[in-house]
Amino acid sequence: GAVVSQHPSWVICKSGTSVKIECRSLDFQATTMFWYRQFPKQSLMLMATSNEGSKATYEQGVEKDKFLINHASLTLSTLTVTSAHPEDSSFYICSAEQGSYGYTFGSGTRLTVV
Amino acid sequence: GQQLNQSPQSMFIQEGEDVSMNCTSSSIFNTWLWYKQDPGEGPVLLIALYKAGELTSNGRLTAQFGITRKDSFLNISASIPSDVGIYFCAVMNSGGSNYKLTFGKGTLLTVNP
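Here the protein sequences line up with chains A and B, keeping their order.
Going by the numbering used here, the residue at position 36 of the first sequence is 36; the numbering climbs one at a time, nothing skipped.
Going by the numbering used here, the residue at position 108 of the second sequence is 1108; the numbering climbs one at a time, nothing skipped.
Please note: incorrect hints may appear among the correct ones.
Here are the simulated lysine-lysine pairs, DSSO-like style, with alpha carbons at most 27 Å apart [as the list claims (entries may be wrong)]:
1) 1105(B) <-> 66(A)
2) 64(A) <-> 1105(B)
3) 1105(B) <-> 1051(B)
4) 20(A) <-> 66(A)
5) 1051(B) <-> 41(A)
6) 66(A) <-> 55(A)
7) 66(A) <-> 14(A)
8) 1105(B) <-> 1070(B)
9) 1105(B) <-> 41(A)
10) 66(A) <-> 41(A)
11) 20(A) <-> 55(A)
12) 20(A) <-> 64(A)
In short, the hints are calculated from the structure, not lab data.
Please put together the full structure from these sequences, using the hints given.
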């Protein structure tokens, strides 16, 4: 079955630093990947849609200069949280679209900014 | 944006009991999905529904796509402790050149052994 690997699974960083999260499709090519954010006891909120070889499409209210997305290959998309602050602490989840097979989600990254 | 109304928000049941949860929307959607999320993990697809009126089963899980295309329900029969988690409904909607998922707020299920 389709597997999406997300790394790291958790990260603690100091306020003001940047953090990069990787999302890889292990056994299929994903032209489109998605990045979500989930606060405790809340639903998944789509942040942006990442298309290989082109600029990401951000949802309304998501700062594209703060959440940098790069989708340089058909198996890898990265999300960089720049100049992180405590309010950026959250659970970040990626998913990859596998054609008619739908969407497979990564296991998420718990970001804590101190 | 689109909003899905998912209920109940949480459920506490005894092992062996059946469970039912549902989602409604003010808009029509052609695809309804049900996911389960374990703590600290990403969601895992349980059932996908593509046709109005469709009733689909996956083991002890059964889901139906409402005939109006504005609602769906998920039933879990004979619950077991490992059914604990958050269940989300989701719909696919067009976002420009891509289809995107919109999630309901989730139903937290607790199963007492």
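Against the structure, the hints come out as follows:
1. 1105(B) <-> 66(A): Satisfied, since the Cα-Cα distance of roughly 26 Å is no more than 27 Å.
2. 64(A) <-> 1105(B): Given pair residue 64(A), residue 1105(B) holds - Cα atoms ~25 Å apart, limit 27 Å.
3. 1105(B) <-> 1051(B): Within the cut-off at roughly 23 Å; holds.
4. 20(A) <-> 66(A): Roughly 12 Å between the alpha carbons, so the hint for residue 20(A) and residue 66(A) holds.
5. 1051(B) <-> 41(A): Answer violated: residue 1051(B) to residue 41(A) is near 31 Å, above 27 Å.
6. 66(A) <-> 55(A): Judged against 27 Å, a Cα distance of about 14 Å means the pair holds.
7. 66(A) <-> 14(A): holds, 16 Å
8. 1105(B) <-> 1070(B): holds, 16 Å
9. 1105(B) <-> 41(A): Status holds; Cα separation ~9 Å.
10. 66(A) <-> 41(A): holds, 24 Å
11. 20(A) <-> 55(A): Cα-Cα ~17 Å, so holds.
12. 20(A) <-> 64(A): Holds, at about 14 Å.
The earlier numbered hint that this structure contradicts is number 5, and it is the only one.
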